[in-house]
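Given chain A, work out where chains B and C should sit, using these hints.
Chains as they are written, first to last, in UniProt numbering: chain A, 1 to 505; chain B, 1 to 164; chain C, 1 to 51.
Any given hint could turn out to be false.
To be verified - Computed list of lysine to any residue pairs in SDA-like fashion (alpha-carbon distance at most 20 Å, straight line):
id : chain 1 : residue 1 : chain 2 : residue 2
1  : A       : LYS285    : C       : ARG30
2  : A       : LYS284    : C       : ALA33
3  : A       : LYS284    : C       : ASP42
4  : A       : LYS285    : C       : GLU43
5  : A       : LYS103    : C       : ARG3
If you're looking for bench data, these hints aren't it; they were derived computationally from the structure.
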Amino acid sequence: MSAFEFLMQGLGTAADPMMLLYALIGVTLGTAVGVLPGIGPALTVALLLPVTYRLDPAGSLIMFAGIYYGGMYGGSTTSILLNTPGESASIITALEGNKMARKGRGGPALATAAIGSFIAGLIATLLLAFLAPWIVKVALVFGPREYFALMVLAFVTVSAAFGDSALRGLTSLFLGLALACIGIDQLTGQARLSFGVPELLDGIEVTTMAVAMFALGEALFIAGQRLQVEDEVTAVKGSIWMSRRDWARSWKPWLRGTFIGFPIGAMPAGGAEIGTFLSYATEKKLTKHPEEFGNGAIEGVAGPEAANNASAAGTLVPLLTLGLPTSATAAIMLAGFQQFGLQPGPLLFATNPTLVWGLIASLLIANAMLLVLNLPLIGLWVKLLTVPKPWLYAGILLFATLGTIGANPSAFELGMLLGFGVLGYVMRLFGYPIAPIVVGLILGPMAEQQLRRALSISQGDWTTLVQSPIAAVLLGIAALALIVPLILRARGKGEVLSQLAGEED
Amino acid sequence: MSGNRHEPPRRRDTAALIIAAGLVAVGGVMLWDSARLADLGGYSGVGPASVPRVVGFALIGLAAWTAIEALRGDFPQRPPQNAVPVLWIVAGLAAQLMLLHVAGFSIATGILFAFTARAFGKRNLAMTIPIGIVFAFVVWAIFSQLLMLHLPAGPLEHLVFPRG
Amino acid sequence: MHRAYHSLTSALSTLRAAIAVASAAEAHRRPAAADLRRLGIDETKFAAIHL
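Here chain A stands alone, though its shape is the one from the complex (with noise of 0.2 Å):
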């Protein structure tokens, strides 16, 4: 069958009315969330883990990529009006955005970023289901070194390759790791770092470091900042319809981000604003109108916008098609699987294709939700902003130790929570990312399997983990993903002093 039967059949799927709940809590939830700052996608995720437990497993990952699709639309709301970005892919919108709408052009800034998500949403998704099966074909000769390999790539580029340090990266890195070898070891049985602690016999939970780390550490963090800056949420005047006008200076950012975006989001690289930031310089070096830039100029808000959903599309395609995530978000979204016991990958694809296709499938209906819900609905969202930040925060910790005490009601995991908690704000604080320490944490029982495999096969010989070309041109792209970043950083360094001296590139 082609991608597009695969897709035909997969829209049946999730145009049953039970999935077209699921979808449409998952937009509306992450729609919320990406409104809100302080939450984002992956701890929303996180937190709904062990509430979905006993669901539909294809529905709780059809709710899920819901709210990661609706993080990226609900983000722009709060940078557009508020000039604080509810998500980080959102910071760029607010440059241009809360320029625009306290010029009274509030309306097209938000449609243009809602039309924009949709349009790159619509493409990337489309992307996504025609490139699955060519990826699952290759994929499918993958073998356990092959995958090692490919874990030790995602292990680089998400840690050491595009932080700002290296060492900080790495380090965070592997104290996932290290979290990860605690409990029992899968092959021989012998409890690992457990020091006879009976509770750590099945490993650190998932989700408890998550909600920790992104919950936790994140509200720790804010409540601690010397300037607490006052909210103004800016009134949405005028009409909120895009002119002729700014549709024809819309549509060619709209195509540029979703390309520059997508392509970001496939790449073990990390997050969807990387794409957002290229997106804003792209469009500043092609604009015709570079006086507007800094002043709200609609293309600053159009292109990011874009390039964010079509980010968050080329974040499933490793994801779905060999169960590797590159961000914290699509981190969280694997252990989804995991709790019920699916692994993403090319297998997958052929044992179970009705929740794949389905999956894929429902992201083209979420899409049309979160248009119709984030442009007509636009004014409930802006309702949304005005919760004050004490009962925000509140109530997300609420929330975040319920998801904990629900898994598992015991002290132990709530002292767990408290002190990963309190990991993450110093990590924070010294400028540790936390992305790597989640990957880490769930990457590498995988990893370390695969490599127990790949030497078990070849009789403990360690060169055959280059012997086979896939994975020795995976390992040699991983290396030059830890070396080339250091040479540029170093030369970065240059730059900056070659700046200082007055000189301009």
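Only chains B and C this time, still in chain A's reference frame:
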């Protein structure tokens, strides 16, 4: 790599040195634990102790790197932070942890709610604690009665739902 | 050949700047001025966003 152009003269970063020491400790514990494991490598030569050992050595190596950066003052500047609100939230979480099984979900979580609100500027605990308890009770009722999540019940919950 | 090399390094350093700004912003830190400039973002205007 901090964004500040006028950096103060670089000096030893004691806090970062403490982090380095902590990393050595974690790495040391991993090596100690892996030495205890029987290495059932089979013919692969890689057993349950191998990966912890590699991670342990890597952490000690990263600790050395951290120490070097700390001595050179290469760590980014810490954002200024107020300790008091942070401690309120930690206290709220600790209170919830200790009260959960004694007082039930609503009361324990209500206190966490109020303490968090206080950390963000709602100082009147006489008002926020009751609000928190009521809110937590509503959440408890929804999640334990409708979604069948196991949330510990206390006197308050037993009062309203005698069976629950 | 030289031109191609030049445009490749330029693209790479734009990517690097985007990643640096993204990771700084996500951690609520102020990104380096040089990185912002590389992306065509005005430093003072960026500072006005409440991260």
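Structure-based check of each hint:
1. A/LYS285 with C/ARG30: 23 Å, violated
2. A/LYS284 with C/ALA33: The given pair, whose Cα atoms are some 17 Å apart, holds under the 20 Å limit.
3. A/LYS284 with C/ASP42: 11 Å, holds
4. A/LYS285 with C/GLU43: Holds. A/LYS285 to C/GLU43 sits at ~17 Å (cutoff 20 Å).
5. A/LYS103 with C/ARG3: Violated, at about 42 Å.
Violated hints, in rising order: 1, 5; the structure is consistent with all others.
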